[in-house]
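Using numbering that gives the first Met the number 0, the letters of the sequence shown correspond one by one to residues 0 to 71.
Treat the hints loosely; a few may be bogus.
Across the chosen pairs, the derived CB separations fall in these ranges [claimed, not checked]:
1) Arg-71 x His-40: 46 to 56 Å
2) Glu-1 x Gln-23: 25 to 35 Å
3) Ser-38 x Thr-17: 30 to 40 Å
Source of the hints: derived by calculation from the structure; they are not laboratory data.
By construction, the Cβ of each residue, glycine as well, lies at the ideal position given by its N, Cα and C atoms.
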Amino acid sequence: MEAWKVNLISVWLGCFFTGLAMSQILPFLPLYVEQLGVSDHQSLSLWSGLVFSGTFLVSAVVSPLWGSLADR
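Using the sequences provided together with the hints, build the complete structure.
Structure (structure tokens):
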């Protein structure tokens, strides 16, 4: 198999399993935030949403940097 196909498959699998892991943590995130001391239902929903969306916000900010480094 050509080298670029091996790289493509490995990157695709990495992205797939990362997305799978992020979707698997979502049901347990409110329980973790509750253990950190947030007890109000509305605050619990807010903090769970902020924590979950924070990973995607950081990814959106850092992706151009990783893209420019990958193009070198």
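Distance restraint hint 25 to 35 Å, applied to the beta-carbon atoms of Glu-1 and Gln-23:
Given a distance of about 33 Å, which is inside 25 to 35 Å, the answer is holds.
Could you say whether the range 30 to 40 Å given as a hint is met by the Cβ separation of Ser-38 and Thr-17?
31 Å Cβ-Cβ, so the 30 to 40 Å window holds.
Pairwise beta carbon distance, Arg-71 to His-40, judged against the given window 46 to 56 Å:
Cβ of Arg-71 to Cβ of His-40: about 48 Å, so the range 46 to 56 Å holds.
Figure legend: structure checked against the earlier numbered hints; every hint is met.
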